[in-house]
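These protein sequence lines are chains A and B, in that order. Everything in the first sequence is counted per the numbering used here, starting at 756 for the first residue and increasing by one. Everything in the second sequence is counted per the numbering used here, starting at 756 for the first residue and increasing by one.
Hint data in this document are derived by calculation from the structure and do not stem from the laboratory. Among the hints, erroneous ones may be present.
Same chains, same label: a pair holds when it works inside one copy or across any pair of copies.
As the list claims (entries may be wrong) - Listed below are the simulated EDC-like cross-link pairs for lysine to aspartate or glutamate, each with C-alpha atoms no more than 20 Å apart in a straight line:
no. : residue 1 : residue 2
1   : K1295     : D1216
2   : K1269     : D1241
3   : K1235     : E1278
4   : K1108     : E775
5   : K1294     : D812
6   : K1215     : E1064
7   : K1294     : D1216
8   : K1215     : E1104
9   : K1235     : E1304
10  : K1215     : D812
11  : K972      : D1121
12  : K1294     : E1254
Number of protein chains: 2
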Amino acid sequence: MDRFSPKDELVFLPLGGSGEIGMNFNAYGFGPPDDRQWIIVDCGVLFGREGSLPGVDMLMPDIRFLAEQRENVLGIIATHAHEDHIGAIAPLWPSLRCPIYATPFTARLITGKLDEAGLSSKVHVKEVPVGGQITLGPFTLDFISITHSILEPNLLAIRTPLGVVAHTGDWKIDPNPMLGEATDAAALEALGNEGVLALVCDSTNALVPGSSGSESKVRESLTALIGTLKGRVAVTGFASNVARLDTVARAARAHGRRVALVGRSMQKMVSAARETGYLKDFPTVLDETEVADLPAHKVLYLCTGSQGEPRAALARIADNNHPHVQLAQGDAVIFSSRVIPGNELAIGEMQNKLAARGVELLTAEDHFVHVSGHPCRDELAQMYRWIRPKLALPVHGEMRHQMAHARLARELQVPQAMVPENGQMFRLAPGRPELIDEVPAGRIHLDGRLLVPEGDGLAKDRRAMGFAGLLVVTLVVDHKGRVAADPVVLGEGMPEAVEEAVLKAVEGTIARNKGSDPDNLAENIRRAARRAAHDAWGKKPITRVLVSEV
Amino acid sequence: MDRFSPKDELVFLPLGGSGEIGMNFNAYGFGPPDDRQWIIVDCGVLFGREGSLPGVDMLMPDIRFLAEQRENVLGIIATHAHEDHIGAIAPLWPSLRCPIYATPFTARLITGKLDEAGLSSKVHVKEVPVGGQITLGPFTLDFISITHSILEPNLLAIRTPLGVVAHTGDWKIDPNPMLGEATDAAALEALGNEGVLALVCDSTNALVPGSSGSESKVRESLTALIGTLKGRVAVTGFASNVARLDTVARAARAHGRRVALVGRSMQKMVSAARETGYLKDFPTVLDETEVADLPAHKVLYLCTGSQGEPRAALARIADNNHPHVQLAQGDAVIFSSRVIPGNELAIGEMQNKLAARGVELLTAEDHFVHVSGHPCRDELAQMYRWIRPKLALPVHGEMRHQMAHARLARELQVPQAMVPENGQMFRLAPGRPELIDEVPAGRIHLDGRLLVPEGDGLAKDRRAMGFAGLLVVTLVVDHKGRVAADPVVLGEGMPEAVEEAVLKAVEGTIARNKGSDPDNLAENIRRAARRAAHDAWGKKPITRVLVSEV
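If we strip away everything but chain A, and leave its shape as in the complex, we get:
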């Protein structure tokens, strides 16, 4: 049908990051409905969970809607360098092939990832100065400095001929972030004065009252705490929190301890920060092997692995399996981090191993050693006071966080608040914002080395195998369809007694089905095998009959 009145619209389309804390992927489109130009803000991953998605390392958004019109995608803009904002750039870039824009520290880390993926000859990340501006087709973007738990977080002021959108990325209000720029409150206030159509905003801490607190307070507290410790000290936390690394290194120096970085991502982050002009006063770090010779009270290890990741430094130390770092009675580990939900058991197990060897554990549960990088309710309220948007679009959260965020926005007199879902397209202008379309959305699994759509059901299938194993029966028939060999039963992951019961049932089925055609027989065997497993065990495993013809 011809459109007799094609007309420019500004639309918002999240393809990730709604309904989850991670996998941030937001698109903004401008133009008439049949010819929109797109920019993408952030392109991140979500880490897999063994319980619900076994064998999936990472999840990323299904972006087929944009990939199919990639000639209209003007660029990917990264607000900051956390994995849940940049981790999917390298794997998804081949289906977009667009330019990438980021401030220097973020650009450095993205470039490293493109290098590793063998893509650096094909795409060059365009560096935007801190506080800079870029124009992509109808979009003009201002990078406004905010604060978060990483260097160079940016709020984007996205200007279009139909109005301005403020996209926060991840943020908090830290009046004293210790490293990098403070929140540019003047710029945010000025932006609000322009009149903002919509605020697309971080919901992570929308259930948490108060404020997230300042890195400067953590610096005071950690410095005092490290001063009370006598043996070796290991501090673990998120390597990307460069201000925290700086805090710990300075605390070490204040108490006469030398710092060793333990774990590849610690080294990578410190290098990236230095190469982009930060950490000028960072103490010279020693090698793991060098500090091993120092007396215990002269040593501080900055370790990866605060989440109990099995291959990271701290887990290996806890297993007494690290080539250079050992901790023992009299030593202490400070967890300068929060527990990411889902990691409780892995962290607890690692802590048990450390405790069993007499290592003291100091965590955010009983010491002030961490602040969140996301805005709590008072900070959200401040942002809404600065920006005064017509519409609140809470993203970057699970549904309960987004709903609480929307409720808060309404309480703060924001005229409209809508909780978007991935794949929902909202027209922001002209007119009153509304949901206008739903496009294909979903998740892609990084499964081994392959990208697999969630809809293929592989992880679900494996989860079922985790629950009840896999039952396989072989059936060999001759060219006339007669059974030509004894059946073999494999009950992988099930008790022997179950396998035996199944074999009996299969033999009985074969005996009773003489002359039946092989397809029928195979189906009867499958059912009988599954039933026998259920009778013997109380579980119904996935059951496959493999037919061979001789």
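Got chain A; can you put chain B on it based on the hints?
Just chain B now, kept in the frame of chain A:
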């Protein structure tokens, strides 16, 4: 070898509950080393975790050491009725066949479990009055009332000719537990004055400073909170916390709401409490279907499912899949419970579904709606002041809790503190307590309907399948060992491309191994298949070759 000087000893042997919060199982032995008589204190389960032990519903201790000498086992004594203290009685009783002792409420619940297991004709639970005493061979046990998050928790004073042990079970100090007996401080002080060899004590909250708080304060707070709510209210929590059920029911009545119990275990616990003389003033509860007709502000549901259990009431309500209970915009759910570690994601997912429908969520994170049933550090200190044992034996905790508990005991001037491990036997008297033996210990999985030793590795095998699926190849040979049919490849849980690559590799291997004997060929196929999967996918699945001979 003859023992020339047989001599009575008092020994302590935990077979469960050390290194874990759950699966409590402690044995005390008395007599000469070659002829000890045993009592068992508690016999509980630990619930499985899908991530690490997929398909395992419950874990229980491996008690073969006692089962092999069951004629010397005088009885099982249950301190209280939580699953982690009584849940393994029915499944393990057949290998012990000894009497069972418990106070009335606990006895009622154990009897229900024995009934369900078809054992009630074989064993009758012997009821001990609250505050009562029993004698079993050389052991005389006093049941001393303490407080916890269930009715009738008991500390056992275990008297033997060689001295007294105090075994706490689970406890806290609640001066006003609202239901049942308060802590019998006088009895504990008197026990301490007798001189106690060892205190075997709950470590769950040994990392938590302060005190756990009183149920009476929760009653005040919950009553006020429920008064602020306008729509339907659902309160979820642990059904076994009968005082909390009473608190909620009274709060409902105070605000003109009728109570419906939703979920089988709510009904079971209320019945058990009433039948043993409690809850005399509990409001008459309505049926789920009856309250459905009342106005929203007249309704309060007491629901199972606070931990996100998928088949419990609240999960079904969240899925909008409950036959009689629906919640919507304007309604509220109060989580009057803590999050048991490992359940964070399941609870969060359930809360997201409720939030998506506009239901308000009120949790212990931002409202005072729960107190723990376990002693925090100040309460532990009080107990050590009362009992003044010569030895602290921290049990019922993970290693980090037990180590912190032992450290606290030493700070409190307890002369000796030892963290036992399951299977370690300690001589408590005569002489200075010491580790004297290690006996077989471990875990048994309830896997489907079968009890399977952890060492059989089924869950581990299935976990590996969860990660990388299962690769099966069929090989059909004739009586001369020649390949007689095309191989079939099944790559369950893996991408199709992997299956295809494996088939190619298998065909190549067969072509290259003409004339090789079937065993060799099968092994070569297995290796080639696994390698091909790894090359195509980056994972190495368990690989089986099923050989049939025609």
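Outcome of the hint check:
1. Taking CA atoms no more than 20 Å apart as the test, K1295 paired with D1216 passes in both settings, with 13 Å inside one copy and 17 Å between copies.
2. For a Cα distance limit of 20 Å, the shortest separation of K1269 from D1241 inside one copy, 14 Å, qualifies, whereas the shortest one across copies, 24 Å, does not.
3. Proximity of K1235 to E1278 under the C-alpha cut-off of 20 Å is restricted to the intra-copy arrangement: shortest distance 18 Å within a copy versus 31 Å between copies.
4. For a Cα distance limit of 20 Å, the shortest separation of K1108 from E775 across copies, 13 Å, qualifies, whereas the shortest one inside one copy, 31 Å, does not.
5. In this homomeric assembly, K1294 and D812 come within 20 Å of each other (Cα to Cα) only across copies, at 12 Å, whereas the closest approach inside a single copy is 28 Å.
6. With identical chains, the CA atoms of K1215 and E1064 are at most 20 Å apart between copies only, with a shortest distance of 19 Å across copies and 23 Å within one.
7. Proximity of K1294 and D1216 under a CA criterion of 20 Å is satisfied in both settings, with 15 Å inside one chain copy and 16 Å between copies.
8. Taking the shortest alpha-carbon separations for K1215 and E1104, only the inter-copy value of 17 Å comes in at or below 20 Å, while the best intra-copy value is 26 Å.
9. With identical chains, the CA atoms of K1235 and E1304 are at most 20 Å apart both within one copy (9 Å) and between copies (17 Å).
10. In the homo-oligomer, the alpha carbons of K1215 and D812 lie at most 20 Å apart both inside one protomer (14 Å) and across protomers (19 Å), since each shortest distance falls under that limit.
11. Taking CA atoms no more than 20 Å apart as the test, K972 paired with D1121 passes inside one copy only; the shortest distance there is 15 Å, against 23 Å between copies.
12. When the C-alpha separation of K1294 and E1254 is checked against a cutoff of 20 Å, the pair qualifies only within one copy, where the shortest distance is 13 Å, while the shortest distance between copies is 27 Å.
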